[in-house]
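Fit chain B to the supplied structure of chain A, relying on the hints for placement.
2 protein chains.
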Amino acid sequence: MRINLVGFGVIGKGFAKTLIMKRDWLKARYGFEPSVVSISDITGTLVNPDGIDLSATLETVNRTGRIIDCPGATVMQSLDAIRGVDAELMVEVTPTNVKTGEPGLSHMLAAMDVGKHVVTSNKGPLALAYKKLRATAEKKGVQFKFESSAGGAMPLINLANEVLSGDEIISIKGILNGTTNFILTKMTKEGTDFETTLKEAQELGIAETDPSYDISGSDTASKLVILTNAILGREATYSDVSVQGITKITPEAIALAKEEGFVIKLIGEVEDGSLSVAPKLVPENHPLNVDGTLNVASFTTDLAGDVTIVGRGAGAIETNSAILSDILSIYRSGAGR
Amino acid sequence: MRINLVGFGVIGKGFAKTLIMKRDWLKARYGFEPSVVSISDITGTLVNPDGIDLSATLETVNRTGRIIDCPGATVMQSLDAIRGVDAELMVEVTPTNVKTGEPGLSHMLAAMDVGKHVVTSNKGPLALAYKKLRATAEKKGVQFKFESSAGGAMPLINLANEVLSGDEIISIKGILNGTTNFILTKMTKEGTDFETTLKEAQELGIAETDPSYDISGSDTASKLVILTNAILGREATYSDVSVQGITKITPEAIALAKEEGFVIKLIGEVEDGSLSVAPKLVPENHPLNVDGTLNVASFTTDLAGDVTIVGRGAGAIETNSAILSDILSIYRSGAGR
Numbered sequence: 375m376r377i378n379l380v381g382f383g384v385i386g387k388g389f390a391k392t393l394i395m396k397r398d399w400l401k402a403r404y405g406f407e408p409s410v411v412s413i414s415d416i417t418g419t420l421v422n423p424d425g426i427d428l429s430a431t432l433e434t435v436n437r438t439g440r441i442i443d444c445p446g447a448t449v450m451q452s453l454d455a456i457r458g459v460d461a462e463l464m465v466e467v468t469p470t471n472v473k474t475g476e477p478g479l480s481h482m483l484a485a486m487d488v489g490k491h492v493v494t495s496n497k498g499p500l501a502l503a504y505k506k507l508r509a510t511a512e513k514k515g516v517q518f519k520f521e522s523s524a525g526g527a528m529p530l531i532n533l534a535n536e537v538l539s540g541d542e543i544i545s546i547k548g549i550l551n552g553t554t555n556f557i558l559t560k561m562t563k564e565g566t567d568f569e570t571t572l573k574e575a576q577e578l579g580i581a582e583t584d585p586s587y588d589i590s591g592s593d594t595a596s597k598l599v600i601l602t603n604a605i606l607g608r609e610a611t612y613s614d615v616s617v618q619g620i621t622k623i624t625p626e627a628i629a630l631a632k633e634e635g636f637v638i639k640l641i642g643e644v645e646d647g648s649l650s651v652a653p654k655l656v657p658e659n660h661p662l663n664v665d666g667t668l669n670v671a672s673f674t675t676d677l678a679g680d681v682t683i684v685g686r687g688a689g690a691i692e693t694n695s696a697i698l699s700d701i702l703s704i705y706r707s708g709a710g711r
Numbered sequence: 375m376r377i378n379l380v381g382f383g384v385i386g387k388g389f390a391k392t393l394i395m396k397r398d399w400l401k402a403r404y405g406f407e408p409s410v411v412s413i414s415d416i417t418g419t420l421v422n423p424d425g426i427d428l429s430a431t432l433e434t435v436n437r438t439g440r441i442i443d444c445p446g447a448t449v450m451q452s453l454d455a456i457r458g459v460d461a462e463l464m465v466e467v468t469p470t471n472v473k474t475g476e477p478g479l480s481h482m483l484a485a486m487d488v489g490k491h492v493v494t495s496n497k498g499p500l501a502l503a504y505k506k507l508r509a510t511a512e513k514k515g516v517q518f519k520f521e522s523s524a525g526g527a528m529p530l531i532n533l534a535n536e537v538l539s540g541d542e543i544i545s546i547k548g549i550l551n552g553t554t555n556f557i558l559t560k561m562t563k564e565g566t567d568f569e570t571t572l573k574e575a576q577e578l579g580i581a582e583t584d585p586s587y588d589i590s591g592s593d594t595a596s597k598l599v600i601l602t603n604a605i606l607g608r609e610a611t612y613s614d615v616s617v618q619g620i621t622k623i624t625p626e627a628i629a630l631a632k633e634e635g636f637v638i639k640l641i642g643e644v645e646d647g648s649l650s651v652a653p654k655l656v657p658e659n660h661p662l663n664v665d666g667t668l669n670v671a672s673f674t675t676d677l678a679g680d681v682t683i684v685g686r687g688a689g690a691i692e693t694n695s696a697i698l699s700d701i702l703s704i705y706r707s708g709a710g711r
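Chains A and B, in that order, give the protein sequences. For our numbering, add 374 to where a residue sits in the first sequence, where the first one is 1. For our numbering, add 374 to where a residue sits in the second sequence, where the first one is 1.
Bound conformation, chain A alone:
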């Protein structure tokens, strides 16, 4: 299987590292020998129809930060690489833009248009234009997989749609953002206020310099839209979600909850067709009460009852666990060979 890799930041470099690390294992276990034939970032594209040397490329880009500095790279733009460099599958891991979905949206539509399967971790296009992407993939007869876009290493979509295929999923509820969960956990354990705890999280590199996307609940809302559409078969967009963040949570509210045996968690939830993100009380002994940067999601189903999964919601290698399993699912289905 030949792959166009589009985006070479933290996740894209993690993808290259993962392929290097797992090359022998993938061949031994599945007879799977993927070959990255193009890598594009905003500066240009590196092409090799026989497979790019990933170690050398990582070495250069770790040093200079730009694909264009790799020997043989040209200023070819990503869209031209997608359309012009022969491959069976595109991995799209450019930065998320929740306002326009670009450049990811155009990349995905272009790849589908030329008959390539698409695997992505890019939340923006999915939260904005899922209906169009799904319809285009169907029309062009290609597979479109995005497990890593919601929940990082927690395999939520494939768990619900493949492994729980006999169950009807009735509702979904979860903690889908590790940064806010870290802050709330720390406030609960140490009795500190929101501003102080946010600063500590920033110093630890867990919260971003501009933390608004996480603490406002927007990131959770984007992921909730993706899960709702992929698992419940809806066509929701970001604007359908009622969103409340964690900035108004006080140590007093947390202490009060604790007295009654509850913790406060930022919960994304879809139930009876309505999508919401808000701080909620969770019983201390409930499976949804997970600490630190962990993520968790519970499905309520008709046969199995509640099924809950806990895992790491972020991280370059963790995210690539989901990207790789999407690619393997396409490969093992007989497509893309």
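If you're looking for bench data, these hints aren't it; they were derived computationally from the structure. You may find that some hints are simply not true.
Each pair may be met inside one copy or between any two copies, as identical chains are not told apart.
[As the list claims (entries may be wrong)] The calculated lysine-lysine pairs, modelled on DSS-like cross-linking and capped at a C-alpha distance of 30 Å, are:
#1 Lys563 to Lys632
#2 Lys622 to Lys473
#3 Lys401 to Lys513
#4 Lys560 to Lys654
#5 Lys396 to Lys505
#6 Lys505 to Lys401
#7 Lys632 to Lys560
#8 Lys401 to Lys506
#9 Lys473 to Lys506
#10 Lys563 to Lys654
#11 Lys654 to Lys632
#12 Lys654 to Lys573
#13 Lys573 to Lys473
Just chain B, lined up with the frame of chain A:
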């Protein structure tokens, strides 16, 4: 797809109920219209090549307890039904025997021998003769699936092998028995001793009249063997497991653990090739600390880190969630049509 159903106790009847309940949904969602063409229990077999009326059969057997009492049933034995009644797949749900694996083992080998796919919840044959069953399925070119045999409604095997296909599973650790978890949870909350708590669990119908299979750790050990073989590709048997039950846990030990922020749980674990079942200390805030009759399992993986899943480990309908998803997986792979 035509199905031979072998075993018509709690799980077998639950299978019939599930098919009735989900008939329209399965057809609408997957175009899947399974047809049960034979049902065998120890008294005989009911056959209808056009599909048995499941509601009428349930009605009779709920009244008399015997398949032979259904109109048209004969004394045909289960092995003859498996060999002689045309079908693509057998569902084997006779009672588990961990000493001999029978009659399940003979049923499975016979079905494979005549080219039928096998789906089972029967732990005995798997814990005793996995290697032989696996080899026979491969030789005969049939699928062999047994998600429901370990973890009930928690889809552990398919989660690890399908959804986490890009990850190497390094170790498995979990609470795989709801009865013992209920007893330990109650002892922890109420400070009661083991004997008293066991009696209460028996009165509630959660522990069996003869509870030894659960409280000795044997049930957990059987499930651990199944998971080890199916997920880690080993050929372990029951005798490879070091097993210790919960009968010697005292309220004092639980109180001491609690003071240090731990709970005591019966943990089945495979790590570095060694299989063990024993009471272990689990930190209170750890994802493995689930209460009551819930089950939980954690996989440690090379890419995703720890992935933990929580669900109901038993129950007639819950178990059939896993049986149905195994059947759907075979159907959707294109086999058995």
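To see whether the hints hold, each was checked on the structure:
1. Lys563 to Lys632: For lysine 563 and lysine 632, the Cα distance is within 30 Å both inside one copy (10 Å) and across copies (17 Å).
2. Lys622 to Lys473: Classified as within; 25 Å inside a copy, 60 Å across copies.
3. Lys401 to Lys513: The answer is between: 23 Å across copies meets 30 Å, while 32 Å in one copy does not.
4. Lys560 to Lys654: both (16 Å within a copy, 27 Å between copies)
5. Lys396 to Lys505: Answer is between: at 28 Å across copies they meet the 30 Å cutoff, but 34 Å inside does not.
6. Lys505 to Lys401: between (35 Å within a copy, 24 Å between copies)
7. Lys632 to Lys560: both (14 Å within a copy, 22 Å between copies)
8. Lys401 to Lys506: between (35 Å within a copy, 26 Å between copies)
9. Lys473 to Lys506: within (16 Å within a copy, 57 Å between copies)
10. Lys563 to Lys654: both (17 Å within a copy, 25 Å between copies)
11. Lys654 to Lys632: both (13 Å within a copy, 27 Å between copies)
12. Lys654 to Lys573: For lysine 654 and lysine 573, only the intra-copy Cα distance (23 Å) is at most 30 Å; the inter-copy one is 37 Å.
13. Lys573 to Lys473: within (27 Å within a copy, 60 Å between copies)
No hint from the list above goes unmet by this structure.
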